[in-house]
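Chains as they are written, first to last, in numbering that gives the first Met the number 0: chain A, 0 to 292; chain B, 0 to 155.
Accuracy of the hints is not assured; some may be wrong.
Stated by the list, open to error - Between beta-carbon pairs, the in silico distance windows are:
#1 A/Arg133 <-> B/Val54: 45 to 53 Å
#2 B/Glu81 <-> A/Gly43: 53 to 61 Å
#3 B/Asp79 <-> A/Thr177: 38 to 46 Å
#4 B/Asp92 <-> A/Arg288: 48 to 56 Å
#5 A/His267 <-> B/Gln150: 57 to 65 Å
#6 B/Ala153 <-> A/Asp37: 45 to 53 Å
#7 B/Pro10 <-> A/Ala262: 49 to 57 Å
#8 B/Cys135 <-> A/His38: 29 to 37 Å
Claimed, not checked - Just so you have them, the derived chain A footprint on chain B, three or more residues with Cβ under 8 Å:
#9 16 to 22
#10 36 to 44
#11 57 to 70
#12 125 to 134
These aren't lab readings, by the way, just hints derived from the structure by calculation.
Where is the CB? At the ideal position from N, CA and C, for every residue including glycine.
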Amino acid sequence: MDFLRAASLDDALATKAQRPDIAPIAGGTDLMVGINFDHIRPSGLLDLTSVPELTEWSESGDVVRVGAGVPYARIISELGERLPGLAMAARTVASPQIRNRGTVGGNLATASPSGDAHPALLACDAEVELASTRGTRRMPVTEFFTGVKRNAAEPDELITAVHLPRATGPQQFAKVGTRNAMVISVCAFSVALHPDRAAVGTGFGSAAPTPRRAVEAEQFLSGELTSRGMWADPRPLPDTVVERFGELVAAACAPIDDVRGTASYRRHALGVLARRTVRWTWDEYSIGRQTCA
Amino acid sequence: MRLNLTVNGRPHQADEVWEGESLLHALRERLGLPGSKNACEQGECGSCTVYLDDVPVCSCMVAAGQAQGRAVRTVEGLADGERLDPVQQSFVDAGAVQCGFCTPGLLVQAHDLIERNPEPTDAEIRESLAGNLCRCTGYEKIMDAVRLAAQRKAVS
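Chain A on its own, in the form it takes in the complex (with noise of 0.2 Å):
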């Protein structure tokens, strides 16, 4: 095993197109679990703390850019208006100490189902920005997950960025557990309105192989608020629509029975999150809608 510290970017892609087999290491709350653990040996560790380009956000039009290294403790304290609904996820991240060192990049690379960015990154259409000696390339944050702690990156990829549309509506994230900090969510969700697209996006986890976004239950409530009128004229959410969205998100999870909760109490509660969360999303929409005719 041997250690390498990347100084830049391309110092980086030449190192890992080299070696696809070395571990990129930023924060190290996933990776250092596994070799203290001995659960993992990798040939090598590429650090990427010193690679200026992964540990800065950026703004270019309406898309913020979240470099791969930018710690959760930044996203919160500096992204909280732009990117409401990530700022909230990484809100509940762990505890201060992992805050300060992991990366939304890092959760990417894992790819665990219950990774806690990984819905907000899906209800705000995120995508996720791969580098390489042979160039960058950017993917839909949908098409990334590929199974269990399973990613659509390549052997020579290294995960750079990701590329969120700043909020133009509010946001929420909700996860349940059994206290507040240092939790693997038992599910989690997170809800966007987009009033801009007259779109809502959702996304959830620990509830299927991969975090999904909940497409019907997204097409269901935009297609209900612009039905009746809504997005111009906001009114209280009907009770029916709230029940159908719960179902609908409910309806879309895979879950399975594991020590953290039953397949039934996971599906349970994420039609309970979903409903909670619309709501808060919804009543901050109809008050911001006021304030501002």
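Add chain B to chain A, keeping to what the hints say.
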């Protein structure tokens, strides 16, 4: 590999550091600084909390090589010579130390909280210490100690 870093203001060097080794292991076993405690090795307990370039982290999840050339401050570096930091003195005075195993991590994390937020509310203290476990469950005394430390820092 050879590791060069600054710990508690002084340059340190260690040889034959294993490439997969944690910063915690390097501090305890190579540099003779056993203040940071080794318990869960997975970021659950906070006993190994140290400052890395002024940011509190679980040193069990930092690869030693990632600290190359960087500045680490451990619990051993909080006191000014023989004079304890107000956070340390407050833990003593409030009776917040029972078996003492979680104390070093709590001290570093509480020290950072008060540096950033000199008048923390109880909710902010609880949130800040949410990643530090005390298995003696002496949390109320720990809360007292952090409140006391904030008061003392405010008047000092």
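Hint check results:
no.: 1; hint: A/Arg133 <-> B/Val54: 45 to 53 Å; in the structure: 35 Å, violated
no.: 2; hint: B/Glu81 <-> A/Gly43: 53 to 61 Å; in the structure: 44 Å, violated
no.: 3; hint: B/Asp79 <-> A/Thr177: 38 to 46 Å; in the structure: 41 Å, holds
no.: 4; hint: B/Asp92 <-> A/Arg288: 48 to 56 Å; in the structure: 54 Å, holds
no.: 5; hint: A/His267 <-> B/Gln150: 57 to 65 Å; in the structure: 46 Å, violated
no.: 6; hint: B/Ala153 <-> A/Asp37: 45 to 53 Å; in the structure: 47 Å, holds
no.: 7; hint: B/Pro10 <-> A/Ala262: 49 to 57 Å; in the structure: 55 Å, holds
no.: 8; hint: B/Cys135 <-> A/His38: 29 to 37 Å; in the structure: 30 Å, holds
no.: 9; hint: 16 to 22; in the structure: holds (count 4)
no.: 10; hint: 36 to 44; in the structure: holds (count 4)
no.: 11; hint: 57 to 70; in the structure: holds (count 8)
no.: 12; hint: 125 to 134; in the structure: holds (count 5)
In this structure, the hints that do not hold are numbers 1, 2 and 5, in rising order.
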